[in-house]
Every structure is written in C-alpha cells, then in structure tokens.
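A.B. asks: The lines below spell out each chain.
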Amino acid sequence: MVVTFLSGTPFFLEHSSRRLFVLLVDANLDVAFKGAILHLPAFGEEMNKSRAMVVSQARALAHEGYTVLVPDYFGTGDSAGDFSEASWDVWLEDMRYCLSWLQGKAEGTVTLWGLRLGALMALELASEAAANISKLVLWNPVLHGERYMLQFLRLRLVNSMMYGETKEKVADLKERLNQESMLEVAGYELSSVMFQEIASLKAKTFESKSVKQVLWMDVAPTIKSLAIPAQSLIDQWLAKGINVDVAQVAGPQFWATQEVSRAEELIEATTHWLNAACSEDVESVGC
Amino acid sequence: MALTNKIVVLLQDVLQISQPLTEDSTLLGGVPEFDSMAVVSILTELEESFGIMVDDDEIDASIFETVGALVSFVEGKI
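Residue numbers (our numbering), protein chains in the order written: chain A, 48 to 334; chain B, 4 to 81.
Incorrect hints may have been included.
Stated by the list, open to error - BS3-like, lysine-lysine: derived pairs with alpha carbons at most 25 Å apart:
#	chain 1	residue 1	chain 2	residue 2
1	A	K249	A	K214
2	A	K271	A	K216
3	A	K249	B	K80
4	A	K221	A	K259
5	A	K216	B	K80
6	A	K152	A	K256
7	A	K96	A	K271
8	B	K80	A	K214
9	A	K216	A	K251
10	B	K80	A	K271
11	B	K80	B	K9
12	A	K216	A	K259
Unchecked claim - Examples of chain A residues lying across from chain B (beta carbon under 7 Å, computed):
#	residue
13	S63
14	L71
15	L202
16	N206
17	K216
18	V217
19	P268
20	T269
21	P299
22	A303
The set of hints was computed from the structure by calculation and includes no laboratory data.
The model shown is predicted, which means the values in this text are computed figures rather than measured ones.
For glycine and all other residues, C-beta sits at the position ideal for the given N, C-alpha and C.
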C-alpha cells in the first residue's frame with residue numbers, strides 16, 4: 048500500500064478553463080511532515096526527457112516527508128491545450144494557481160524546485176511578495192531567456208542541416224517570428240508571443256524579499272568550474288544576503304540525452320540539502 | 004593532441020558514449036546518438052568551453068563529418 052501511495056496521484060487541476068495535469072506525490076505518513084514542494088518543469092523536449100528523473104526525485108522527497116506537486120504546463124505533457132496556444136504568462140498564471148493550491152493543502156510555505164527554464168519560472172514566482180517563498184532549488188538553471196531561445200531556434204537550423212534541406216539562419220528565424228505569429232521548431236509550434244516573453248527573461252534581474260536560501264545544483268558528466276555568468280549571479284545573490292549553496296555533481300544531463308538517463312547523485316544531494324535546511328528551519332510549518 | 008583530447012571528452016560527455024573516438028571517427032551518420040539536439044548541445048558546450056562564437060553560416064554538415072573535422076574547425080576559431 049505504501050508503495051502505491053508514494054508513487055503519486057495523477058489528476059487535473061482546473062483553472063481559468065484550463066485543465067492542468069498534475070502528479071501529486073504525498074508525503075510518507077510514517078515520518079514527520081517536512082513541507083511542500085512545487086516543481087517547475089523544463090521547456091519542450093527537455094521536459095519530456097526529464098520526466099523520469101523528476102518523478103524519482105519527487106518520490107525520494109515524499110519518502111522523507113515532503114509533499115511534491117509536479118504539474119505539466121498548459122499545452123504540454125498531459126495537460127489540455129495545444130503548445131501553439133500557450134504563452135509564458137499563461138504558464139506563470141497557472142503555476143501561481145498551483146502554488147496557492149499547494150499552499151492551501153500543505154498549510155505552510157512551499158519550496159520551489161525549478162529545472163532548466165523552470166528555474167526562471169521559479170524566480171518569477173518567488174519575486175512576487177504574495178508567494179512568500181523562502182527556499183529555492185534550482186537544477187542547472189537557464190539564466191538568460193534570449194540565449195536559450197536562440198539555442199532553441201538553432202535546433203531548427205541544425206535539423207535542416209542534417210536532413211540536407213535549405214539552410215536557414217537564426218537571425219532570419221528571429222525575423223520571421225517578428226513578422227509571423229508562429230514558427231515550427233523541432234515539432235513545437237512556437238508562438239511569437241512565447242518567444243518574446245521567454246527572450247525577455249533574465250535571472251540577474253531577480254529581486255525578492257522573502258527568499259533566504261537557494262540550492263544551486265549543477266550536474267555535468269565532467270565537473271568543471273561554473274560558467275562566469277552563473278558565478279557572478281551567485282556572488283550577487285550572496286551579497287544581497289541570500290544563502291546560496293552550490294553543489295556540483297557528476298552525472299548525465301538527462302534533459303538532453305538521447306536515451307532516458309538518470310543522475311542518482313543529484314537526487315541524493317538535493318534530498319540531503321532539503322533535509323538539512325529543514326532541520327535548521329524552526330519557523331515554518333512542518334519543519 | 005591536447006585539443007583533440009578535450010573535444011573527444013566533450014563529445015563523449017554530451018553524447019553519453021564511452022566508445023573511444025579518434026580523429027578519423029565518423030560523427031554525423033556514424034554515431035547513432037548524434038542527433039540534432041546533441042549537435043545544439045555540442046555547439047553550446049564548444050562555445051562555452053573555448054570562449055568561441057559559432058556563426059550560423061559555419062554550422063555545416065562538413066564540420067561534423069569526423070572528429071578531426073570538428074577539431075580543425077575549433078582550432079581555426081581559437
């Protein structure tokens with residue numbers, strides 16, 4: 048019975064006539080309740096490829112006493128809607144709704160856990176005073192929306208190169224997105240609205256009065272020093288009094304590998320950090 | 004050789020393969036893991052690791068034919 052329980056309950060959360068698929072992995076009742084965690088997924092194919100890892104992490108946390116909610120953005124995964132109808136603002140509104148739903152259920156503060164582009168979603172949510180977020184877990188965060196979108200457009204260019212079609216340029220694709228409302232990239236109908244919204248996101252503009260602790264996880268097959276933009280952002284946050292713990296672990300970048308892959312050390316390190324942060328935190332409910 | 008070794012490690016990391024690669028190893032069409040997502044990841048890694056910028060015009064099948072071709076390309080950029 049316990050196993051079934053920890054495996055999670057899938058259901059739909061309905062909000063503004065959008066049906067969002069969510070997986071709720073409830074805390075193990077045999078241990079003390081430690082808090083609630085909302086996962087903010089990666090983008091596009093990265094989200095599909097990381098699903099198994101995300102669910103494994105959610106189960107590992109549930110085992111330790113956390114309740115974890117894993118939603119699919121509108122127009123992705125098992126949620127209703129088409130990707131072409133989605134926009135960042137719609138996703139943000141839905142995640143805000145998931146957050147308040149989880150806050151109501153868990154009667155306490157919620158930790159946000161963002162993967163890749165989901166880290167920028169976590170920062171957006173955490174910057175809102177009403178969200179009252181004190182802890183963030185960021186897995187290989189994307190820091191610069193525009194650079195990320197240009198890499199996404201590059202996927203279309205590389206596809207055309209590999210299949211010997213007429214070669215395109217990212218600059219032309221960007222221009223097309225200014226003229227037309229939609230562009231197909233690697234099977235995704237990317238709207239110009241979504242493109243512009245994501246391209247305007249920057250981690251370095253993040254401001255929050257409530258965030259006190261950040262776990263910055265970086266997984267790579269070969270551990271090397273963090274990229275300069277990442278390091279300078281971490282320094283900036285530390286200077287603001289945010290306690291940032293950086294942990295680098297060896298493992299596959301599972302959101303990008305061709306076969307589904309797992310980074311066990313990432314799960315262990317994340318669970319360990321949250322447990323340690325929880326035992327230091329006597330103010331919030333559950334911890 | 005040092006550059007070749009660095010690029011081989013980078014390729015093995017991104018592609019998640021352990022098979023040995025030499026300058027003559029075929030990439031495009033030779034390694035099943037070499038898909039478009041992998042190519043984009045490799046380009047990003049090369050740009051970040053070597054501090055280079057790859058222009059759209061330079062993204063051509065010829066630079067991904069073999070490990071040696073990719074090494075020469077990077078050599079010309081740094």
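A.B. asks: For a quick check of understanding: which of the numbered hints are violated here, in increasing order?
C.D. replies: Hint check: 1, 2, 3, 4, 9, 12, 13, 14 fail, others pass.
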